[in-house]
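Which chain is which? The protein sequence lines are A and B, in order.
Under my numbering, think of the first position of the first sequence as 22, with each following residue one higher.
Under my numbering, think of the first position of the second sequence as 22, with each following residue one higher.
Fair warning: there could be bad hints in the mix.
To be verified - So the derived label-pair ranges between C-beta atoms look like this:
| no. | chain 1 | residue 1 | chain 2 | residue 2 | range |
| --- | --- | --- | --- | --- | --- |
| 1 | A | Glu82 | B | Ile446 | 47 to 55 Å |
| 2 | B | Ile32 | A | Arg68 | 41 to 49 Å |
| 3 | A | Asp24 | B | Gly513 | 23 to 31 Å |
| 4 | A | Lys125 | B | Thr332 | 28 to 36 Å |
| 5 | B | Ala99 | A | Glu102 | 51 to 59 Å |
| 6 | B | Asp271 | A | Lys69 | 49 to 57 Å |
| 7 | B | Lys29 | A | Asn321 | 51 to 59 Å |
| 8 | A | Lys47 | B | Tyr129 | 33 to 41 Å |
| 9 | A | Asp271 | B | Lys25 | 44 to 52 Å |
As the list claims (entries may be wrong) - In silico SDA-like links for lysine to any residue, alpha-carbon gap of 25 Å or less:
| no. | chain 1 | residue 1 | chain 2 | residue 2 |
| --- | --- | --- | --- | --- |
| 10 | A | Lys83 | B | Gly262 |
| 11 | B | Lys397 | B | Lys315 |
| 12 | A | Lys123 | B | Lys325 |
| 13 | B | Lys466 | A | Phe111 |
| 14 | A | Lys123 | B | Thr281 |
| 15 | A | Lys159 | B | Asn120 |
| 16 | A | Lys119 | B | Lys315 |
| 17 | A | Lys159 | B | Met27 |
Hints listed in this document are in silico derivations from the structure and should not be mistaken for laboratory results.
Please read all numbers here as calculations on a predicted model, not as lab measurements.
Quick reminder that beta carbons are idealized off the backbone N, C-alpha and C, glycines included.
Protein chains: 2
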Amino acid sequence: MCDKMMLKAKILELETGGKPIVIVNKEDAEDLGIRGLSRLVIKTKERKLTGIVNITTSIVEKGEIGLSESVAKTLNLAGGEEVEVEVAKFPSSLQHIKNKIKGKKLSYEEIFEIVKDTVEGNLSEGEIASFVVALEAKGLDLDEAASLSLAMVETGKKLELKKKIIVDKHSIGGIAGDKTTLLVVPIVAAAGLAIPKTSSRAITGAAGTADRAEALMPVNLRIEEMKKVVEKTNGCIVWGGALHLAPADDVFIQAEYPLTIDPLLLPSIMAKKKAVGSKFLVVDIPTGRGAKTKTIGDANLLAKDFIELGTRLGIKTQCAITDGEQPIGYAVGPALEAREALEVLMRRKNVQDLVDKAAHLAGILFEMVGKRNGYKLALEILNSGKAEKKMREIIAAQGGCEKITPEEIQVGENKLDIIAERDGIVLWLNNAGINEVARAAGSPKDRGAGVLLYKKLNDKVSKGEKLLTIYAEKSRKLERAKEVFEENNVIGVGDRREMLIQEVKEVPLHKKTFILER
Amino acid sequence: MCDKMMLKAKILELETGGKPIVIVNKEDAEDLGIRGLSRLVIKTKERKLTGIVNITTSIVEKGEIGLSESVAKTLNLAGGEEVEVEVAKFPSSLQHIKNKIKGKKLSYEEIFEIVKDTVEGNLSEGEIASFVVALEAKGLDLDEAASLSLAMVETGKKLELKKKIIVDKHSIGGIAGDKTTLLVVPIVAAAGLAIPKTSSRAITGAAGTADRAEALMPVNLRIEEMKKVVEKTNGCIVWGGALHLAPADDVFIQAEYPLTIDPLLLPSIMAKKKAVGSKFLVVDIPTGRGAKTKTIGDANLLAKDFIELGTRLGIKTQCAITDGEQPIGYAVGPALEAREALEVLMRRKNVQDLVDKAAHLAGILFEMVGKRNGYKLALEILNSGKAEKKMREIIAAQGGCEKITPEEIQVGENKLDIIAERDGIVLWLNNAGINEVARAAGSPKDRGAGVLLYKKLNDKVSKGEKLLTIYAEKSRKLERAKEVFEENNVIGVGDRREMLIQEVKEVPLHKKTFILER
């Protein structure tokens, strides 16, 4: 055995997900006394790098070391050069992960090391999964959650605004057509508070706020551009995915996803708020049978966690438990929703549930910073046209057309009306089902695809009346959406509420929804 | 979104560790609504396969799907063909893993699914790590341990012997120079019991039993060859690594290794015994300061687990807690140890501790199957020459030279004597230190490298006497071994046992040894 040797660099086309994977022949690995996932330090005259070992019997010969193009670039190698390799120690974050598996509480410094090694690619997929599973299996307390948030902030980019009062809004999502943010941001910004809002794109739903906003203006801003927009207008609505706020989360979520466990959900959400400098935060927790949170009890438990973690992080946090039994407003799908929001901002339409929800959330933020009658103030700002004016400023600052009209927002040309087959009232209107139909029609990728409702819960319906219209950009997808509509119990019309909800004939599968949007 | 599309196959040189990794462009992944680690079914006219998705922006273009050579071979694709891909469900073993993370006890069927998907490459590195960590964090009970053993047996190859009484021996290892198996196997086989012994190679030590045996005969047998040897001679000593007994363990150990956790250690050991049909088993647990098990209390706890798991699996198991304070015999390193074992079998030498240990272990097996005075019987078989005769039969059956003499076993030509610098007695003889020296000298790869001791614990020493000789095949490695000897407190000579063992001046690091050899 020796712990050093010279090997010849061989550049390989490898997809390593940013990790410094190096490929070593089995014979050399035996000589070095290493196994897969061991670490090797690779040295050239000027540079060095610690790689994670994969062992092969075929890809590289004895005497060679396989390097991905990115590793070769870091080491400034063209291939064919001799490099010195030396057995390295495992990173100490592995010891911390092991301690967490054993049930030990981790310190900030330990968590920081793990998060840093995660972001820098020094941990393998399995090692990162081990950390996530240890957090899920052993639990994490408030100190650890706060440490995780802070470490995620420290290892990412930050928005540093000169503004004094920075507020923020977050929704745990899951409700079709929830375009509330498109109203809350201009209302709050018009009142003189800074609201640097980052949003996600849809992952399992028909549209994320970033998708909706993109029908009005560009949302793929860099952090410097975002800063200029907020400095100028007090608000913004940008896609969070390219800002590199809390980038560790993008890695952790990969491990959480196949297992639908999410111990890092709250730390990750709060990290992103902390990274933009938020001092006051309202969290929307839609609750109801069709929502991610099913009961008010569950919603309160979640609210408690948000508030306590916020306190630790210096973010004053309140939660709003809102009605999540049906979609918000009438439009579902990026363009349709943007159009509806713009119509409301322009006071052409009054969409009662949407306006009520937006005014409540904005109102809570107003009262948190000391303004009185927050709800009323929010409605005044909306009704006076100040919110519309602010939204047009934000649209312009983000590079959109300030004068945009609802009619200019293109929706799909292929349409299908769904007609009531009987008289009655709307008994249910299923969030997940409507999302499925809109996705089958092309949402969120086809921005003009979606669903427009004409009726909401408890509305009266006459036979032959339109219940909803499905929009698609492509006729093929409209066909598919029609099938999905027919397969799902999307909307129910009946005489009265039926007392029997469901018959249970075999062991049921009750699934908690995994929250990817965060 | 659509859940099916046609993509063009592109064959890539990828090292995927046997997993069916498929590479999809980010845009197609968005269209399909999938993420990394999602599953895709890939269909050609005749064949199909479920692949684990990796997402790229560069390796394959939109419209293409990257396949490793092995996936392409399975699908009988040459590259360039159109294939249909469809979004698949996650394997249900992921749900079982999630349940274990939540603390649920798993049934045999659930464990079998996980083990089967592990062996077949249907789980990603992170998903397998999640299972291992869940077992470590939540613990596994006897039912689950037995299920794991049985599932590992079912998913691997089995040895089916016609013999009636099949016995086995296992050591948890960690003791330098422990060549006991080279004596136990011929003694037991000479008494008419079948002992189909599989052994490991050294991983962290200077020699594994397979390395020692290889200095006497070929050990890389296929399972059919192993069967013939045991049918003919009653015994064998072969390398277990290529037999595909319990192959799941080779995968699980990859996840355990970086974290030095080993929840699967016992199930894996017992699976390999079950797979060769063992009905009676003696487990050697060397115990002492230099051993893996430090105290007799710990050794008893481990013994309890072995015995209970054995009962579940229909393997009558007894344990022997043995003295692990110093190396066994005088020789350390493959060739030196093989030579020592052969000299003892030929009664040219009596190495007291080695003979005593081998006779006790063989004796326990004898008494387990109903023979009286097991220890005495074992010694008689050794002293009568029957064990030597049996060993030569086994050597011949495995393809070695029946007439091999100790002198024909080549040892390294480069030698360095270590001389006592004072009179006294040997106070310590450090297992780990001796292993390090032997490894630096070239063990186990250079078979002739190692250490030959002249003194053992409590032996009297005079100044100028030889304490030990280091052997190496290459002079460069002898130099390195000398440095390692000087850096480590390998052997201690003094007047009397010092009462102070160690001063503790800062928080100490107490490491449990991770048992890779199994």
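Hint check results:
no.: 1; hint: Glu82(A) with Ile446(B): 47 to 55 Å; verdict: holds, 52 Å
no.: 2; hint: Ile32(B) with Arg68(A): 41 to 49 Å; verdict: violated, 33 Å
no.: 3; hint: Asp24(A) with Gly513(B): 23 to 31 Å; verdict: holds, 26 Å
no.: 4; hint: Lys125(A) with Thr332(B): 28 to 36 Å; verdict: holds, 34 Å
no.: 5; hint: Ala99(B) with Glu102(A): 51 to 59 Å; verdict: violated, 34 Å
no.: 6; hint: Asp271(B) with Lys69(A): 49 to 57 Å; verdict: violated, 31 Å
no.: 7; hint: Lys29(B) with Asn321(A): 51 to 59 Å; verdict: holds, 52 Å
no.: 8; hint: Lys47(A) with Tyr129(B): 33 to 41 Å; verdict: holds, 35 Å
no.: 9; hint: Asp271(A) with Lys25(B): 44 to 52 Å; verdict: violated, 27 Å
no.: 10; hint: Lys83(A) with Gly262(B); verdict: holds, 21 Å
no.: 11; hint: Lys397(B) with Lys315(B); verdict: violated, 29 Å
no.: 12; hint: Lys123(A) with Lys325(B); verdict: holds, 22 Å
no.: 13; hint: Lys466(B) with Phe111(A); verdict: holds, 24 Å
no.: 14; hint: Lys123(A) with Thr281(B); verdict: holds, 12 Å
no.: 15; hint: Lys159(A) with Asn120(B); verdict: holds, 14 Å
no.: 16; hint: Lys119(A) with Lys315(B); verdict: holds, 21 Å
no.: 17; hint: Lys159(A) with Met27(B); verdict: violated, 43 Å
In the structure shown, a violation is registered for the earlier hints numbered 2, 5, 6, 9, 11 and 17, in ascending order.
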